[in-house]
Amino acid sequence: MKKIAVIDYGMSNLHSVIKSFQKASDKRYKLCVVTSEKNLKDASMIILPGQGAAKSCMQKLSENFPNLSEFILNKPFFGICLGFQILFEKSFEDDGVNCLSIIEGSVNDFRKQVSKDLKVPHMGWNNVEQKNDHAIWNNIPRKSFFYFVHSYYALAKSEENISSITKYDINFTSSVIKDNLFACQFHPEKSSRYGLQLISNFINWSESLQ
Amino acid sequence: MSVAKRIIPCLDVDKGRVVKGINFVDIVDAGDPVEIAKKYDQEGADEITFLDITASHEGRDNILSVVEQVANEVFIPLTVGGGVKSFSDVRDLLSVGADKVTINTAAVSNPDLINEVTNRIGRQCIVVAVDIKKSKDQYHVFTHGGRHKTELDAVNWCMECQDRGAGEILLTSMDKDGTKEGFDNEILNEISNKLNIPVIASGGAGNLKHLYEAIVLGKADAVLAASIFHFGEYSISQAKDFLRDKGVFVR
Numbered sequence: 001m002k003k004i005a006v007i008d009y010g011m012s013n014l015h016s017v018i019k020s021f022q023k024a025s026d027k028r029y030k031l032c033v034v035t036s037e038k039n040l041k042d043a044s045m046i047i048l049p050g051q052g053a054a055k056s057c058m059q060k061l062s063e064n065f066p067n068l069s070e071f072i073l074n075k076p077f078f079g080i081c082l083g084f085q086i087l088f089e090k091s092f093e094d095d096g097v098n099c100l101s102i103i104e105g106s107v108n109d110f111r112k113q114v115s116k117d118l119k120v121p122h123m124g125w126n127n128v129e130q131k132n133d134h135a136i137w138n139n140i141p142r143k144s145f146f147y148f149v150h151s152y153y154a155l156a157k158s159e160e161n162i163s164s165i166t167k168y169d170i171n172f173t174s175s176v177i178k179d180n181l182f183a184c185q186f187h188p189e190k191s192s193r194y195g196l197q198l199i200s201n202f203i204n205w206s207e208s209l210q
Numbered sequence: 001m002s003v004a005k006r007i008i009p010c011l012d013v014d015k016g017r018v019v020k021g022i023n024f025v026d027i028v029d030a031g032d033p034v035e036i037a038k039k040y041d042q043e044g045a046d047e048i049t050f051l052d053i054t055a056s057h058e059g060r061d062n063i064l065s066v067v068e069q070v071a072n073e074v075f076i077p078l079t080v081g082g083g084v085k086s087f088s089d090v091r092d093l094l095s096v097g098a099d100k101v102t103i104n105t106a107a108v109s110n111p112d113l114i115n116e117v118t119n120r121i122g123r124q125c126i127v128v129a130v131d132i133k134k135s136k137d138q139y140h141v142f143t144h145g146g147r148h149k150t151e152l153d154a155v156n157w158c159m160e161c162q163d164r165g166a167g168e169i170l171l172t173s174m175d176k177d178g179t180k181e182g183f184d185n186e187i188l189n190e191i192s193n194k195l196n197i198p199v200i201a202s203g204g205a206g207n208l209k210h211l212y213e214a215i216v217l218g219k220a221d222a223v224l225a226a227s228i229f230h231f232g233e234y235s236i237s238q239a240k241d242f243l244r245d246k247g248v249f250v251r
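Heads up: the sequence lines are chains A and B, in that order.
Under our numbering, the residues of the first sequence are numbered 1 to 210, in order.
Under our numbering, the residues of the second sequence are numbered 1 to 251, in order.
Please note that the accuracy of each hint is not assured.
Said to hold, decoys possible - Using 25 Å as the maximum straight-line C-alpha spacing, the simulated DSS-like pairs for lysine-lysine come out as follows: (1) B/Lys180 x B/Lys246; (2) A/Lys116 x B/Lys194; (3) A/Lys41 x A/Lys143; (4) B/Lys180 x B/Lys209; (5) B/Lys38 x A/Lys143; (6) B/Lys39 x B/Lys15; (7) B/Lys39 x A/Lys19; (8) A/Lys3 x A/Lys60; (9) B/Lys194 x B/Lys134; (10) A/Lys143 x A/Lys131; (11) B/Lys149 x B/Lys85; (12) A/Lys143 x B/Lys134; (13) B/Lys38 x A/Lys19; (14) A/Lys38 x A/Lys2; (15) A/Lys27 x B/Lys38; (16) A/Lys23 x B/Lys149; (17) B/Lys246 x B/Lys219; (18) A/Lys143 x B/Lys246; (19) A/Lys27 x B/Lys39; (20) B/Lys194 x A/Lys112; (21) B/Lys15 x A/Lys116; (22) A/Lys167 x A/Lys143; (23) A/Lys41 x A/Lys30; (24) A/Lys23 x B/Lys85; (25) B/Lys219 x A/Lys167; (26) B/Lys219 x A/Lys112; (27) A/Lys157 x A/Lys90; (28) A/Lys178 x A/Lys167; (29) B/Lys246 x A/Lys167.
What the hints assert, rightly or not - Where chain A lies over chain B, by a calculated footprint (3+ residues, C-beta under 8 Å): (30) 85-97; (31) 111-124.
Calculated directly from the structure, the hints in this document are not laboratory data.
For each residue, glycine too, the CB sits at the ideal point set by N, CA and C.
Start from the sequences and build out the full structure, keeping to the hints where you can.
Structure follows, in structure tokens:
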């Protein structure tokens with residue numbers, strides 16, 4: 001059975017990610033939790049979920065997945081939340097953390113931007129406004145709600161990488177797409193039917209790339 | 001534009017079955033957790049809260065199995081509370097698929113638990129449940145399912161929880177709980193205005209107007225309700241339609 005690798009760097013709750021991919025793929029794939037780079041080689045797709053802080057995430061990844069960028073550039077890749085943020089050049093969390101620089105742009109602190117009456121973290125359901133007609137959005141209405149939990153927001157520099165935007169006082173990049181990579185700030189594994197649809201679309205798109 | 005106001009059905013779970021306590025005393029069986037959670041997800045619930053009210057120690061493992069079964073099939077945020085005492089209780093619930101864990105009595109008796117969870121896992125996964133009751137002009141915090149009165153002042157305690165790293169406050173008015181007379185919007189408003197973390201209103205929902213009032217008058221970020229949804233008086237989608245018609249931003 002073909003494999004989907006779910007990267008575990010010790011910070012995330014992987015239960016829902018695994019179950020949602022199993023459900024969306026109709027159990028066609030084996031979901032494997034991987035803790036070191038050698039187990040990425042035979043995977044058909046790579047998922048990087050994430051919670052926690054950018055600095056410790058980058059540290060753990062550089063210890064156990066030193067060549068992660070190469071894998072991300074060469075296999076279908078799905079990043080979620082922190083797994084989306086670390087694709088950018090730099091995060092301003094923890095006094096600044098250098099990230100993977102796969103997507104041009106930075107990750108910034110909501111507390112420094114939004115008006116005082118808006119609560120941080122940005123937690124809950126918000127509109128995701130699609131910026132392209134990519135297959136990743138098949139059967140998902142243009143401004144559907146997805147579930148977010150985050151205190152830092154990303155801004156991608158290049159329009160062509162921006163797959164969706166979301167407004168929380170300011171407009172931020174809520175998902176990016178590039179070659180064989182899709183990543184989102186929101187949690188598709190917690191976003192009910194459209195979340196599952198997005199995961200299913202990703203799997204279909206990945207298969208079309210191979 | 002802000003984030004959508006959340007509607008959260010709350011399921012009281014005893015030995016793996018969903019029940020609803022009226023004023024924390026009478027209990028009526030209302031069904032199977034997985035089926036109910038699926039139904040609420042289809043209707044548009046933004047999140048589901050499970051409150052484990054199992055009294056016996058032996059029965060406590062049931063909640064882990066309930067959460068795991070629900071998390072395998074329902075893909076919206078799941079919050080679980082009831083009898084959570086330690087960091088390992090929190091971790092066990094998260095590992096079977098809970099997204100957030102509610103602590104109540106343990107937060108009062110050991111406030112450092114809030115800091116510990118926040119520092120080790122992150123503030124998004126810790127909800128402090130605060131049960132309050134008014135006497136004269138002051139609101140006091142109660143613990144042990146409302147049986148023990150503490151000297152803690154409601155507003156001060158909520159502020160302390162926030163400072164210690166709580167991600168959200170679930171505020172239950174014991175005076176209103178089970179009455180179906182509406183939420184206590186006055187204290188809700190005061191606490192929500194003082195905090196910069198979300199406040200979930202609980203206790204007193206009897207109709208859809210009450211949900212609206214908790215959001216508009218009480219400034220609640222989310223409303224939690226049980227009986228008005230469980231017994232089919234209103235569906236979640238009716239509640240959403242009602243709020244949307246009145247201009248509230250909902251999913």
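We went through each hint and held it up to the structure:
no. : hint                : result
1   : B/Lys180 x B/Lys246 : 21 Å, holds
2   : A/Lys116 x B/Lys194 : 11 Å, holds
3   : A/Lys41 x A/Lys143  : 36 Å, violated
4   : B/Lys180 x B/Lys209 : 11 Å, holds
5   : B/Lys38 x A/Lys143  : 24 Å, holds
6   : B/Lys39 x B/Lys15   : 21 Å, holds
7   : B/Lys39 x A/Lys19   : 19 Å, holds
8   : A/Lys3 x A/Lys60    : 23 Å, holds
9   : B/Lys194 x B/Lys134 : 19 Å, holds
10  : A/Lys143 x A/Lys131 : 10 Å, holds
11  : B/Lys149 x B/Lys85  : 19 Å, holds
12  : A/Lys143 x B/Lys134 : 43 Å, violated
13  : B/Lys38 x A/Lys19   : 15 Å, holds
14  : A/Lys38 x A/Lys2    : 16 Å, holds
15  : A/Lys27 x B/Lys38   : 20 Å, holds
16  : A/Lys23 x B/Lys149  : 46 Å, violated
17  : B/Lys246 x B/Lys219 : 15 Å, holds
18  : A/Lys143 x B/Lys246 : 21 Å, holds
19  : A/Lys27 x B/Lys39   : 23 Å, holds
20  : B/Lys194 x A/Lys112 : 19 Å, holds
21  : B/Lys15 x A/Lys116  : 43 Å, violated
22  : A/Lys167 x A/Lys143 : 11 Å, holds
23  : A/Lys41 x A/Lys30   : 14 Å, holds
24  : A/Lys23 x B/Lys85   : 33 Å, violated
25  : B/Lys219 x A/Lys167 : 20 Å, holds
26  : B/Lys219 x A/Lys112 : 23 Å, holds
27  : A/Lys157 x A/Lys90  : 12 Å, holds
28  : A/Lys178 x A/Lys167 : 22 Å, holds
29  : B/Lys246 x A/Lys167 : 21 Å, holds
30  : 85-97               : holds (count 4)
31  : 111-124             : holds (count 4)
Checked against the numbered hints given earlier, this structure breaks hints 3, 12, 16, 21, 24; the rest are met.
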